[in-house]
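**Q** Here is how the chains run, residue by residue.
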Amino acid sequence: CRCRALLSRPAGALRARRGLAAGPEMHFGFQTVTEEERREKIYQVFETVAKKYDVMNDSMTLGIHRVWKDILMHKMNPCPGTLLLDVAGGTGDIAFRFINYVRSVRQRQLQRKLKHHQNLSWQEIFESYQKDKFNSLGDSQVVVCDINREMLKVGKQKAQHLGYSEGLSWVLGNAEELPFDDEKFDVYTIAFGIRNVTRIDLALQEAYRVLKPGGRFLCLEFSHVSNPLLSRLYDLYSFQVIPVLGEVIAGDWKSYQYLVESIRQFPPQEELKAMIEDAGFFKVDYENLNFGIVAIHSGFKL
Amino acid sequence: AAAGGLRRAGWRLWRGRAVVRCQQCPPLRALQASAALRRASDEHKKEPLASSSQQHFESPPAGHQPEQKPQGPHPSYTGQGGQESEDYESEEQLQHRILTAALEFVPEHGWTAEAIAEGAKTLGLSVAAAGLFHSDGSELILHFVSECNTKLSELLKKEQKLVQLGEAEKKPIDEFLRDAVEARLRMLIPYIEKWPQALSVLLLPRNIPSSLSLLSSMIDDIWHYAGDQSTDLNWYTRRAVLTGIYNTTELVMMQDSSPGFQDTWRFLHNRVADAMTMSNTASQVQSTGEAVVQGLMGAAVTVSN
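Quick mapping for you: the protein sequence lines, in order, are chains A and B.
All residue numbers for the first sequence refer to full-length UniProt numbering, where the first residue is 1 and numbers rise by one.
All residue numbers for the second sequence refer to full-length UniProt numbering, where the first residue is 1 and numbers rise by one.
Just so you know, these hints were derived from the structure itself, not from any lab.
Nothing here was measured: the structure is a model prediction, and the numbers come from that model.
Any given hint might turn out to be false.
No farther apart than 20 Å at their CA atoms in a straight line, the calculated lysine to aspartate or glutamate pairs in the DMTMM-like style are these [as the list claims (entries may be wrong)]:
id: 1; chain 1: A; residue 1: Lys283; chain 2: B; residue 2: Asp256
id: 2; chain 1: A; residue 1: Lys41; chain 2: A; residue 2: Glu261
id: 3; chain 1: B; residue 1: Lys121; chain 2: A; residue 2: Asp182
id: 4; chain 1: A; residue 1: Lys75; chain 2: B; residue 2: Asp136
id: 5; chain 1: B; residue 1: Lys151; chain 2: B; residue 2: Asp220
id: 6; chain 1: A; residue 1: Lys273; chain 2: B; residue 2: Glu91
id: 7; chain 1: B; residue 1: Lys121; chain 2: A; residue 2: Glu183
id: 8; chain 1: A; residue 1: Lys52; chain 2: A; residue 2: Glu247
id: 9; chain 1: B; residue 1: Lys194; chain 2: B; residue 2: Glu154
id: 10; chain 1: B; residue 1: Lys157; chain 2: B; residue 2: Asp228
id: 11; chain 1: B; residue 1: Lys157; chain 2: B; residue 2: Asp179
id: 12; chain 1: A; residue 1: Lys115; chain 2: B; residue 2: Glu108
id: 13; chain 1: B; residue 1: Lys121; chain 2: A; residue 2: Asp139
Partner residues are not named here, just some residues of chain A that face chain B (Cβ under 10 Å, in silico) [unchecked claim]:
id: 14; residue: Gln109
id: 15; residue: Leu110
id: 16; residue: Phe300
If you only want the chain A side, here are some residues facing chain B, beta carbon under 10 Å, derived [what the hints assert, rightly or not]:
id: 17; residue: Lys75
id: 18; residue: Gln111
id: 19; residue: Arg112
id: 20; residue: His116
id: 21; residue: Gly251
id: 22; residue: Trp253
id: 23; residue: Gln257
Every residue gets a Cβ at the ideal spot worked out from N, C-alpha and C, and that includes glycine.
Put together the whole structure using the sequences plus the hints.
**A** Spelled out as structure tokens, the structure:
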């Protein structure tokens, strides 16, 4: 609820720890802006890149982002009946993977059930097929929430194009103030989105609020590379190649410059872990992918 | 920065008291760790049941100021279902409870994350809580094995007490071993269909240290209650022999389809008898050998003279 968000305003200590000024000054890439300006600028960035978002992801990461998202899904290991909230999930990558995963798990479940039922009459077999045809997802659902209308539009078009219809909802909402009731979801994911949230602590508190007891928080995000050689190569690639790709493919140098700078400004793995613990999550852990280029943070509401 | 660090330290002290103790032991699997968990939960039971959740967490971190309470949404204040239980226990204890609840779903789902998810559901937690554990069900199996070993220990202790009080006869060694192994194997019967899967998971390289330590501590327990006080090579040979008997009997039980597992118990009877004969034979051979040597020495002395 909102009063809880107000109570947590003494997060000045949090911001001071992150080395930001106590006022409404925030970073936008390497620039300094106010909170409101930051929100607006980020909204504009994603409005412009929405149409070419997926193409750019593929070209910037050489397609490896698909592997990262698959790893996230395997880590989640959802069983049928899970309610997933995918925040900042604009174009639906995580949502589609979730549906595929749950569908295949459900298939295996049904096959196992049938194997156990030897000696069924034809009538019973017919009935079991009828029942399960309408339950191929096993009551699992995913809600895709994004603050940006354009990204949601692209996502809906993709869903239609790829043929995903059931178990999917699209909601316009702000990660710092989710339009959902308390304790509704089993899993909350935010893939490559938390970097763009202006008040990360609020987003984490909202995540805590909407999760059921026992629910899981998963965050896939670019993080800090500790290996110095790799870090130099990574910086070279980020600052020299990516904005150029942005200009060539999407016609937008500045958005991709912002993207690369925002990765550098984002707190490193341990700090994000501490912030997640502060929000009340237990068993918080992170897994580095590709030596820290990307990290998956996981926490439970216990 | 200092304030934030202190707040986090306070939080950890409060909620991590039992966790820290458990973190110093090896993970949940080994018998030693589960003994520690019971101590923690016994302590909680001794505290007055009427205490509210707030009272509880103020008392343990002695000398900690109330204003060190963490801010924002927190389990102890909301007092909702599964979260309230977190006040009285650590994460390890909650995991323990989830695994215990998951055991009843094993015959249907096997030793998998699905069984754990169903178990979590019965406790009022989300199915995502199964993510606390490995997806291959290792923790569930190790938990089950450790629980069975604990039950066996308690059973043997009770029997020993009866013998000490004079209410029961002291069993001969072979009968004692037979009964102990049979009692332990009978605990597998409800899960017998899925047990081969469990055995294969226990043999994964990741799980071998834990499963081996559980096995050896169980065998050690049985010999201890059998009255073994050897301090020489016998200590090792006895345990090795009993481990062999236990493992082979377990395997026989996997593919036994006789009513009431009669074939398995007969197999067990024969193996224990073999082991007894073997030890008798060994001592006989030793004494015969000594006699032969003495005879030869005597002959040599006679001849030399």
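**Q** List, from low to high, the hint numbers that the structure doesn't satisfy.
**A** Violated: hints 1, 9, 15, 18, 21, 22, 23.
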